[in-house]
Amino acid sequence: TQLLEQSPQFLSIQEGENLTVYCNSSSVFSSLQWYRQEPGEGPVLLVTVVTGGEVKKLKRLTFQFGDARKDSSLHITAAQTGDTGLYLCAGDSNSGYALNFGKGTSLLVTP
Amino acid sequence: DAMVIQNPRYQVTQFGKPVTLSCSQTLNHNVMYWYQQKSSQAPKLLFHYYDKDFNNEADTPDNFQSRRPNTSFCFLDIRSPGLGDAAMYLCATSVRQGRGEKLFFGSGTQLSVL
Numbered sequence: 258t259q260l261l262e263q264s265p266q267f268l269s270i271q272e273g274e275n276l277t278v279y280c281n282s283s284s285v286f287s288s289l290q291w292y293r294q295e296p297g298e299g300p301v302l303l304v305t306v307v308t309g310g311e312v313k314k315l316k317r318l319t320f321q322f323g324d325a326r327k328d329s330s331l332h333i334t335a336a337q338t339g340d341t342g343l344y345l346c347a348g349d350s351n352s353g354y355a356l357n358f359g360k361g362t363s364l365l366v367t368p
Numbered sequence: 061d062a063m064v065i066q067n068p069r070y071q072v073t074q075f076g077k078p079v080t081l082s083c084s085q086t087l088n089h090n091v092m093y094w095y096q097q098k099s100s101q102a103p104k105l106l107f108h109y110y111d112k113d114f115n116n117e118a119d120t121p122d123n124f125q126s127r128r129p130n131t132s133f134c135f136l137d138i139r140s141p142g143l144g145d146a147a148m149y150l151c152a153t154s155v156r157q158g159r160g161e162k163l164f165f166g167s168g169t170q171l172s173v174l
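Quick note, the sequences are listed as chains A and B, same order. Using this note's numbering, the first residue of the first sequence is number 258, and each one after it goes up by one. Using this note's numbering, the first residue of the second sequence is number 61, and each one after it goes up by one.
Be a bit skeptical, because a hint or two may be false.
Subject to a maximum C-alpha distance of 30 Å in a straight line, what follows is the list of computed DSBU-like cross-link-like pairs (lysine-lysine) [as the list claims (entries may be wrong)]:
id	chain 1	residue 1	chain 2	residue 2
1	A	K360	A	K327
2	B	K162	B	K98
3	A	K360	B	K104
4	B	K77	B	K104
5	A	K316	A	K327
6	A	K327	B	K98
7	A	K314	A	K360
8	A	K313	B	K104
9	A	K360	B	K162
10	B	K112	B	K98
11	B	K162	B	K104
12	B	K104	A	K327
13	B	K162	A	K314
14	A	K327	A	K313
15	B	K98	A	K360
16	A	K360	A	K316
17	A	K327	B	K162
18	B	K112	B	K77
19	B	K104	A	K314
20	B	K112	B	K162
21	A	K313	B	K162
22	A	K316	B	K162
Just so you know, these hints were derived from the structure itself, not from any lab.
I would like the entire structure built from these sequences, with the hints used as guidance.
This is how it looks when you write it as structure tokens:
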């Protein structure tokens, strides 16, 4: 199993602050996905990164895929309370037929 | 709206009493997955179907079975639930199986075992 380590595990910040969360592995992935999961709901895809060094922006969220395709980061600018949730990164399994998920970063944004 | 629907949202069962969780999809996707997610842990793939082809993960306990009678429906059967099986069970779909495929998740079924 290709393990994905996410850090930090928990993060509590105030509205307006910036933050970065990380997803690291010793394995190379053909692509990585980021999902957000709100309490009591299933994960929802935010972005897929495919090319080493790729940077994708989704409003205030910036995603980067490492040059070696072993790691990724998610940066949120000026966090809002609506950003609260569990952020999961996921990469292809060895078989290529399914995704392996990290444990996630639980983000709490307070007013 | 097209979506992935899981029923029920909350399920309580007794230790050792068989339980079935349901998932339906209106997306007409070929692939359906079952993931188990325990508190503060990563979602863990149990098995998936590509059309009618069943793929079991190597470390999925025999206690867990699945059925996919047609494209739209998929069931997770837990034959003899133990306390350690209490978790959120997530159903997901994708158009194809393969690298980088987007997964569409249902809202999950939270299973409690008493």
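Given hint B:K162 paired with A:K316 - CA-CA distance at most 30 Å: holds (20 Å)
Distance restraint between A:K327 and B:K162, which requires alpha-carbon spacing of 30 Å or less: Judged against 30 Å, a Cα distance of about 19 Å means the pair holds.
Proposed proximity, B:K98 with B:K162 (alpha carbon, max 30 Å): Roughly 22 Å separates the two Cα atoms, so the pair holds.
30 Å limit on alpha-carbon distance, applied to hinted pair B:K162 and B:K104: Since the Cα atoms of B:K162 and B:K104 sit roughly 16 Å apart, the hinted pair holds (cutoff 30 Å).
Restraint status (C-alpha distance of B:K98 to A:K360 at most 30 Å): Answer holds: B:K98 to A:K360 is near 10 Å, not above 30 Å.
Straight-line alpha-carbon gap B:K112 to B:K98, limit 30 Å: Satisfied, since the Cα-Cα distance of roughly 28 Å is no more than 30 Å.
Satisfaction of hint between A:K360 and A:K314, Cα-Cα up to 30 Å: holds (23 Å)
Pair hint outcome, A:K327 versus B:K98 [Cα-Cα no greater than 30 Å]: holds (25 Å)
30 Å Cα cutoff - pair A:K360, A:K316: The given pair, whose Cα atoms are some 25 Å apart, holds under the 30 Å limit.
Proposed proximity, B:K162 with B:K112 (alpha carbon, max 30 Å): holds (20 Å)
Pair hint outcome, B:K162 versus A:K314 [Cα-Cα no greater than 30 Å]: holds (18 Å)
Restraint check for A:K316 with A:K327, where alpha carbons must lie at most 30 Å apart: Holds: A:K316 and A:K327 sit about 25 Å apart, inside 30 Å.
Taken one by one, the earlier hints all hold for this structure without exception.
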